[in-house]
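Colleague: We have chain S already, so just place chain D on it with the hints.
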Amino acid sequence: MFPQWFATAQADAWASFQSLPAPRRGDEAWRFSTISALDFSSFTRAEFRGEASEWIARSTGVADAAATLVFVNDTLVHSQSRLPDGVICLPLAEALIQQPDLVQQYFMRHPTTLGSAKFSALHAAHVSNGVFLYVPAGVVVQDPVQIFHWADGDSSTILPHTLLVTGEGASVRVIETFQSTDDRAATLTIAVNDLIAEKNSTLDYVVVQALNQNSKIISINASDVAKAATSTSFLLSTGAAWARSESISRLTGEEARSYMLAVSVPSHDQEYDQRTFQHHISPGAYSDLLYKNSLYDESRTIFSGLIFVDEGAHRTDAYQTCRNLLMSNTCEANSMPGLEINADDVKCSHGSTSAQISDEEIFYLRARGIDSDTARQLIARGFSIEVISRLNHDATEAYVLNFLDQKFATLRMRDVR
Amino acid sequence: MSLLIENLHATLEDGTPILNGVNLEIPAGEVHAIMGPNGSGKSTLSKVISGHESYVVTAGSVTLDGVDLLEMDIDQRSRAGVFLAFQYPAEVPGVSNANFIRAALQARLPKGQDIDAVAYYKNLYSKMDLLEMDRKFTARSVNEGFSGGEKKRNEILQLMMLEPKYSILDETDSGLDIDALKIVAKGVNAMRSPDRGFLLITHYQRLLDYIAPDYVHVMAGGQIVRSGGPELALELEQNGYDFLKELAPA
Chain S
474 MFPQWFATAQ ADAWASFQSL PAPRRGDEAW RFSTISALDF SSFTRAEFRG EASEWIARST
534 GVADAAATLV FVNDTLVHSQ SRLPDGVICL PLAEALIQQP DLVQQYFMRH PTTLGSAKFS
594 ALHAAHVSNG VFLYVPAGVV VQDPVQIFHW ADGDSSTILP HTLLVTGEGA SVRVIETFQS
654 TDDRAATLTI AVNDLIAEKN STLDYVVVQA LNQNSKIISI NASDVAKAAT STSFLLSTGA
714 AWARSESISR LTGEEARSYM LAVSVPSHDQ EYDQRTFQHH ISPGAYSDLL YKNSLYDESR
774 TIFSGLIFVD EGAHRTDAYQ TCRNLLMSNT CEANSMPGLE INADDVKCSH GSTSAQISDE
834 EIFYLRARGI DSDTARQLIA RGFSIEVISR LNHDATEAYV LNFLDQKFAT LRMRDVR
Chain D
4 MSLLIENLHA TLEDGTPILN GVNLEIPAGE VHAIMGPNGS GKSTLSKVIS GHESYVVTAG
64 SVTLDGVDLL EMDIDQRSRA GVFLAFQYPA EVPGVSNANF IRAALQARLP KGQDIDAVAY
124 YKNLYSKMDL LEMDRKFTAR SVNEGFSGGE KKRNEILQLM MLEPKYSILD ETDSGLDIDA
184 LKIVAKGVNA MRSPDRGFLL ITHYQRLLDY IAPDYVHVMA GGQIVRSGGP ELALELEQNG
244 YDFLKELAPA
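Residue numbers (the numbering used here), protein chains in the order written: chain S, 474 to 890; chain D, 4 to 253.
The hints are simulated quantities; they were obtained by calculation from the structure and are not laboratory data. Beta carbons: idealized from backbone N, C-alpha and C, even for Gly. Do not rely on the hints blindly, as some may be mistaken.
Claimed, not checked - Just a few of them, taken from the derived set where beta-carbon distance is under 10 Å, the chain D residues facing chain S:
1) Ile77
2) Gly115
3) Ile227
What the hints assert, rightly or not - Using C-beta positions, here's what the derived DEER-type ranges look like:
4) S:Ala828 / D:Ala142: 19 to 29 Å
5) D:Gly24 / S:Asp832: 19 to 29 Å
6) S:Arg885 / D:Glu16: 24 to 34 Å
7) D:Ser64 / S:Gly824: 40 to 50 Å
8) S:Ser801 / D:Leu112: 23 to 33 Å
For reference, chain S alone in the conformation it holds in the complex (with noise of 0.2 Å):
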């Protein structure tokens, strides 16, 4: 059984849910947004029962994973581990009877604050599975550990949870992927995941959402980074029909430092929303956003980004960049950066671009021989390496290249006239 205290949450979630109005046309937080995406009355809870083993074949991440666990449908399938002594990695349904205080003090602390609040009730009030991963005080994971969730059957709805706590000095590096059975079924997917990096530890979480074009998803991350602490949070959209995200990291302690990265290759009339929170609470805290969307075809992207600095948190350093590629005339980019700034000696900027390739690079590249469309796509695959590239893991880079060029395979072989 889950525990007491579980269990009230989910029936406050759901009471939550029940109360809190659907976003609105006109709602701040939903500007842009395609509101009619947001109708799931057609999506029910998803079971599965099927044979799994091709779903775990499939599931090849890196090389030395520390620990691999795969679920279809939120049920875990799979799952192997071969980490460090302490090292908590449980699937949340486990985690909930094993270490139902450890999972209490973390989980879902604070309110969903850039709009899918109601979205978020849903998943807490139904959630049942995803994944607890402690790493104690001190404890370094040299290797990633790294989750897949396969989204399996029409109308299904996966509510995956992902809990990441580092400790004291303590560091791992956590890869999240989401896909879908077939390239057909229509899910839909709420994901919450919230990273605490305590002091001086450092949590790298790279995710790669790469459902099929049917499917929805939408996905709320949060970062708790204490005194001295590092959090990475990394997303790769290559995609679903329509993806939200929400991301918010929480400065709250001296030299805490976090990286907000995204890279985002829409196509088709794919819409990717993107809503960000920098909120440096601490004075001396550090945070670097950098978004880059390359868009195909109808695609849509909206960007929506604040740095908010509060009172006291003076010597903030803090940057927020979206960087938007317009690989079409059909596109369209949406960029609404922000900054409100309530301390002194601050250092911030944020910007967004939009542009398309320019011809003298395009002409650079054709003069050594290579053929317009090669160039365009070399070209759009190195505006989302420099992100990659951040990621500072060889082996993480090599994984989530082979997605992004996956996407760019699909666009060229449409492109073959």
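Modeller: Relative to the frame of chain S, chain D by itself:
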């Protein structure tokens, strides 16, 4: 065998004439230099030969070993054997130098055939050694954050890797100190062969001290107005372009 430019006229997109009947033949095995004042059309000539889309060819022809170059796309011209070393090479963020050159070589192979990576890197490193380029330049993004001299060296590295039949060097000497100039010249000289032609576009005699030309041409008003041997460059160095005033067409 030659790069043959006959009566070449070209304008900007708005119709402004830049090239007004250029005639020039660069036979394989020879090095030609074009000198001339700013605005004479030297750089435009290099861009028109390469296929830059900001210019419109209104008359004349450019043929490479008898094949019409002007009918080809930009990238086809390169694969056919024309190389332009840019005066201001573009920066390509996120594309490593090694991958860039590899893509250029790959573009020259038939479909389905792949570059042999081991042989490629061996070749690349040997050329980089000759140009005294640090190995770190293989992983760095193309030209991004390179100094002026490093960019020019990188152009010559590409020239050496692609082994074009005809190379046009557009003011490769500008912005180079004497040591860098010597290294660049060493690279170009290493590529000189009876099968390859070179066209050096420059303001200064200095480059020609290190890459000895067979012929020197003076360009003005979008035309070649004088041609001669290497001594012409020395004469220009001493007397400047004043003589052009007498030649100036009405």
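Colleague: Which hint numbers doesn't this structure obey?
Modeller: 2, 3
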